[in-house]
Amino acid sequence: MCWALDHDNLDPNRPIAIEDAYPIPHGEIGVEGGIVFNDRRQGTSQFTFQPQLLIGALPNTQLEISSDVMTDPNTVVGADKSGNLTVGMLYNFNTETLQVPAFAARVGLDFPTGVNAQGINTSLTGVMTRSFGQWRTHLNIGYTFLGVPQGQERSGTYRIVAAVSYPLGYPTSFRDTIIANIFTRQSDLVGQQNPTGVGIGIRHQVSSRVVFDSGLGTEFLGPPNRSTFFGTVGLSIGF
Amino acid sequence: MTLRRSVKYLPIIALFVAAVVHLGCTQFEQRDKRFYYRALWNFSLRENLKELDVEFNGVDFGHSNLYENLLLTGAKDVPAIEDRARNETLRFINSRPTLNPNEEAIAPTYMRLAWKAQNTFDEAHALHRGTYDVYASDLVDRESAIRKLLAYYQQSPYAITAKKLDHQALDALPYSKAFRKRFPLFNATIWSYHYLQVVVYDALSMAPDLPAKQKAVEPILKTYHDYLNRPPVEWEFMPLTDQYSPNFAKQYPEIANIFDNLHMMHDTISDILVSDLFPTWGEKHQEIYRVTRTYYWASGETTNPFIVRNADRHDPMKPTMQDGHSRH
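Listed in order, the protein sequences are those of chains U and H.
Residue 97 in my numbering is what sits at position 87 of the first sequence, and the numbering runs on without skipping anything.
Residue 266 in my numbering is what sits at position 98 of the second sequence, and the numbering runs on without skipping anything.
Since the hints were derived computationally from the structure, they do not count as laboratory data.
Misleading hints may appear alongside valid ones.
So these bits of chain H aren't anywhere near chain U, every CB distance computed over 10 angstroms [as the list claims (entries may be wrong)]:
#, residue
1, Lys-244
2, Glu-256
3, Pro-269
4, Asp-306
5, Lys-383
6, Glu-451
Computed footprint of chain H on chain U; a stretch qualifies when at least three of its residues, placed anywhere within it, have a C-beta under 8 angstroms from a C-beta of chain H [stated by the list, open to error]:
#, segment
7, 16-26
8, 34-47
9, 97-104
10, 108-114
11, 174-185
Label pairs and their in silico Cβ distance ranges [unchecked claim]:
#, chain 1, residue 1, chain 2, residue 2, range
12, H, Asp-394, U, Ser-183, 19 to 29 angstroms
13, H, Pro-387, U, Ser-217, 21 to 31 angstroms
14, H, Leu-389, U, Ile-130, 42 to 52 angstroms
15, U, Ile-210, H, Asn-397, 13 to 23 angstroms
16, U, Ile-39, H, Arg-310, 21 to 31 angstroms
17, U, Val-243, H, Gln-336, 54 to 64 angstroms
18, U, Ile-192, H, Ser-467, 21 to 31 angstroms
19, H, Ala-340, U, Leu-73, 40 to 50 angstroms
20, U, Leu-95, H, Pro-387, 49 to 59 angstroms
Virtual Cβ for every residue (Gly too), placed ideally from N, Cα, C.
Given only the sequences and the hints, what does the whole structure look like? Please build it.
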């Protein structure tokens, strides 16, 4: 029963890059935020603050407003410029049944309010969730169209993320969900290798309204400035 | 077109395919999960009457664990239900959970078999929780709060009818009583939860302040745990709201009807999951959805044959405490 924030409902970056096919319930409002530490193979390390507002505005539909604010913003390339305002919508087509996985679609508009940003970026993502007993598997396939690519930036990049999540503690505790993912995405600059890596994280229900999350990972393939280690902590609060 | 250019259009193609399948596939069901009524009194039970809240969190485990185990065992293995699954439930209750469990993690198969029925339970359970919060709070205008909760609940297409249903007739369907005959201990355990869920309203209502409310629930919890330890297999029918909280049932007959209908629906689904009349999961799914739509949802009221017209809550045909229940 939905008498507490659902820590099993996965949102992107809380704590790792995957989301499930389910929006927050109709009528719920959620505030999420986290800090990411990114240790790059070349270049300076970076911190990112990721505040996000979620609104269960319509049945099966979640609206979002978010922004990534980064240290060392002038070094950022690609769609996610520091300070850009992103408006998104996640629509769930169906709940999972014995025969059919759950499907959802995400649309995002990235407005150039950030440092060195130009043009509006558009992203489309297909989301699928399929359960096998208590294991839940998730697949996100997305593409981002850059409004105004700069320099060697690509005009668009794809990304694919696959993940599994599992409720820890069954059958005596239901406060924790562990998540692991593997991802690859097209490099932001032309001619570079795909950043490809793995991540693992946990979402822990602290109280009726608060979920704490923590995650870490690495990009084991990719361009010279790929992440050798990233770690994050965050909170989700439901109203 | 190169592979790289094709990849660019993959999400669009995927969305298109999903939309087409969505329109054409009867297996597609909307999730329709709705947030509870947002109010200042939310979580008053958790904050003020922790002892009782912990018990309700335990109760949340029971039905889901039962349904999942009935499905996975084919409802043939009596020790698997009466001993293993029931003891799992008692262990969870005895772990004194301070938050309600994630029922989709407890019963992933059942949720995928009958999501609409589960969502119906979820919304009615949220009404239960909301009313407990009102009774556990220091609200002066309790009546207005309860009316708001009821109005919000009844906006949902998943709302259970607030009209009195003929439970005796619903308990005489071809497969009725299948669960309690094969699994009397677990059935009595379920009825013990339902006892707890309905008995607290009048007890809390009559207590003037928080210490009195805390005192009022103590004997109820003792009785409840006695029932868990020695399930009342002699009961012939589920506990009804106006037996255990007559004042609440008189003041809010629609809500009392919803809760009794909710508990009856739990029994009906247990019987469907056990009955050999529906040997496959597909047939169980169809019957669960049929009874949910036809007999339990408010949207089916105009054609529902089980609605008691001109109902009197003190129906003489209704089983009384002398039929097997003792009041505490």
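Report the numbers of all earlier hints that the structure fails to satisfy, in ascending order. Checked against the structure, the hints that fail are numbers 2, 3, 14, 15 and 18, while the rest are satisfied.
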